[in-house]
Amino acid sequence: MNLYVCIKQVPDTETKIKVNGDASGIDTAGVKWIMSSYDEFAVEEALRLKEKNAGSTVTVVSAGPDRVVDALRTALAMGADNAIHVELPENADSNMAAKAITGALKKESGIDLIFFGKEALDDGAAQVPQLVATFMGIPAVTVVCGIEYSGTTLKCKREIEGGSFEIVEVKAPAVISAHKGFNEPRYATLPNIMKAKKKEVKALKLADVGVSSSDQKIKLKNFQLPPPKQAGKKIDGDAAAQAKALVTALHNEAKVI
Amino acid sequence: MAKVLVFVEQRDGKLKKASFELLGASAAAGNETHAVIIGENVSGLANECAQNGANKVHVIQDAALKNYTGEAYSRALTAAIKSISPEIVLASHTPMGKELLPIVAAHVDGALATDCTSLQFEGGKLQLKRPIYSGKAIADVEFCGTSLQMATIRQNAIGLPKADASKTADATTITVDLSGLKTKILEVVKGNSARPDVTEAPIVVSGGRSLKAAENFKILEDLADSMGAAVGASRAAVDAGYRPHRDQVGQTGKVVSPSLYIACGISGAIQHLAGMRTSKVIVAINTDPQAPIFQIADYAIVGDLFQVVPALTNEVKHLKE
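As they're listed, the protein sequences go chains A and E.
Per the numbering used here, numbering of the first sequence is gapless, rising by one per residue and ending at 257.
Per the numbering used here, numbering of the second sequence is gapless, rising by one per residue and ending at 578.
I should point out that these hints are in silico values taken from the structure, not numbers from a laboratory.
You may find that some hints are simply not true.
Quick list of in silico lysine to aspartate or glutamate cross-link-like pairs, EDC-like style, CA-CA up to 16 angstroms [as the list claims (entries may be wrong)]:
1) Lys274(E) - Glu161(A)
2) Lys221(A) - Glu399(E)
3) Lys221(A) - Asp397(E)
4) Lys180(A) - Asp496(E)
5) Lys219(A) - Glu399(E)
6) Lys16(A) - Asp27(A)
7) Lys219(A) - Asp397(E)
8) Lys439(E) - Glu169(A)
9) Lys155(A) - Glu444(E)
10) Lys447(E) - Glu161(A)
11) Lys441(E) - Glu148(A)
12) Lys234(A) - Asp545(E)
13) Lys244(A) - Glu578(E)
14) Lys441(E) - Glu169(A)
15) Lys511(E) - Glu161(A)
16) Lys439(E) - Glu161(A)
17) Lys273(E) - Glu161(A)
18) Lys234(A) - Asp496(E)
19) Lys511(E) - Asp122(A)
20) Lys537(E) - Glu253(A)
Work the whole structure out from these sequences, hints included.
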């Protein structure tokens with residue numbers, strides 16, 4: 001099987017976000033970059049499929065500035081065979097990113113499945129998997145936390161609201177976006193990390209994939225930190241008195257119950 | 258004033274309240290507000306759309322649309338957009354809307370902003386704000402070109418309109434070709450929870466690792482049930498196995514903005530605050546007066562949740578009597 005996994009590099013979730021000078025984005029100085037955590041489930045799923053299907057290959061793809069090669073190397077160290085880095089400006093939107101990834105994938109042949117994380121931990125847009133699928137002319141099933149494979153038919157367990165699941169049948173080729181619970185991603189071993197450093201990462205420029213700045217459809221601007229909250233009201237007393245005072249305040253003052 | 262199309266979501270013949278937020282906001286801004294309902298035998302839901310702000314309701318019904326799939330519903334919504342030619346398309350950022358809208362955006366070459374928490378209309382243009390880094394920052398959305406403006410809006414971010422029960426719908430039907438579909442729903446496995454989802458509930462009662470055991474969440478469930486609330490959890494509580502991941506609030510879980518969020522025994526890690534700081538009123542109950550959660554709490558109770566929470570349940574029951 002020819003398996004593809006598209007990954008994004010994002011700031012570690014511990015990062016304290018600061019806005020940059022002209023409020024056009026965040027201050028990236030000192031940010032620790034990681035592979036977005038839902039993408040790890042996607043990589044793991046592809047690796048497990050490869051291990052069950054002899055002769056399969058796993059190719060990881062990432063679009064972004066040069067730093068994203070580190071995330072590709074993390075995936076190579078986990079066990080991916082090939083890596084493709086597509087150049088993309090720092091603040092590109094979902095449409096432009098999806099066009100770039102699609103351009104890179106269209107250079108490949110015989111794609112069976114394309115995995116993504118269900119959304120990235122930075123912008124949380126949850127757009128690129130569906131956009132790429134549609135640009136490729138194949139279906140997308142998102143927020144998947146389990147798949148039963150039989151030949152080219154996939155039975156996907158997709159999480160929806162209220163603890164419910166849709167069981168979606170889809171035929172390869174398809175795009176699958178991965179959710180927590182899919183699997184337990186492996187850690188890369190030290191020897192594999194060393195080996196991954198020597199592996200070739202194929203580099204594509206924006207022009208190679210037929211993308212230009214006119215593919216950017218939305219821009220985020222005027223970044224702000226959430227307004228600081230006024231100091232709250234401290235409610236004293238024993239538990240019974242606190243409970244009584246709180247319920248009274250929520251009912252009469254905040255009017256939320 | 259603009260021509261706005263709202264995707265009104267239904268499951269099992271029941272409309273999602275979040276869709277009414279969008280109809281109401283569009284109507285309140287004086288827009289020509291169109292609703293589209295997609296499903297099987299859903300024309301009976303048209304009046305409810307009119308009562309919540311739709312000037313016109315479009316119905317797309319077919320046996321193949323009984324259950325949602327991104328493939329079938331995207332064909333239907335794309336057909337609606339081509340037939341109605343709106344300037345703006347809105348949907349709620351629900352599990353259905355968040356999968357569907359990007360597929361449709363790719364079909365119609367639209368410009369889509371997802372998970373927006375503020376929605377305004379100005380001279381036919383959408384004015385949106387969206388959180389980024391799960392709410393650690395917020396940014397304005399600028400549409401770069403002349404593509405169709407599309408957005409998904411976070412549930413509960415706007416508030417419900419006042420319904421006018423006297424209205425009936427001006428409804429029309431749109432047909433769509435649904436041949437050759439490659440995905441199908443084999444089954445919808447219903448969650449067994451009688452409580453609302455954390456992303457939909459007007460009130461969320463959340464617990465952290467201080468609950469110490471899965472069975473201790475019973476006291477939070479009792480409080481939640483007394484108010485019709487959802488039960489949420491911090492990542493620490495989910496990782497400890499006290500609650501399923503679907504209840505997790507935070508950067509690697511659900512992002513919520515209920516009118517009331519009650520954090521019980523949650524210290525307030527940066528990832529958790531990101532997931533709930535847009536809640537309108539925040540209550541924190543914690544034994545540690547230095548816990549970061551208190552910095553964003555509107556009401557702070559330094560105390561033992563095992564005593565305070567049951568006392569709260571009693572008070573709420575008392576209030577409702």
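Contradicted hints - numbers only: Violated: hints 16, 18.
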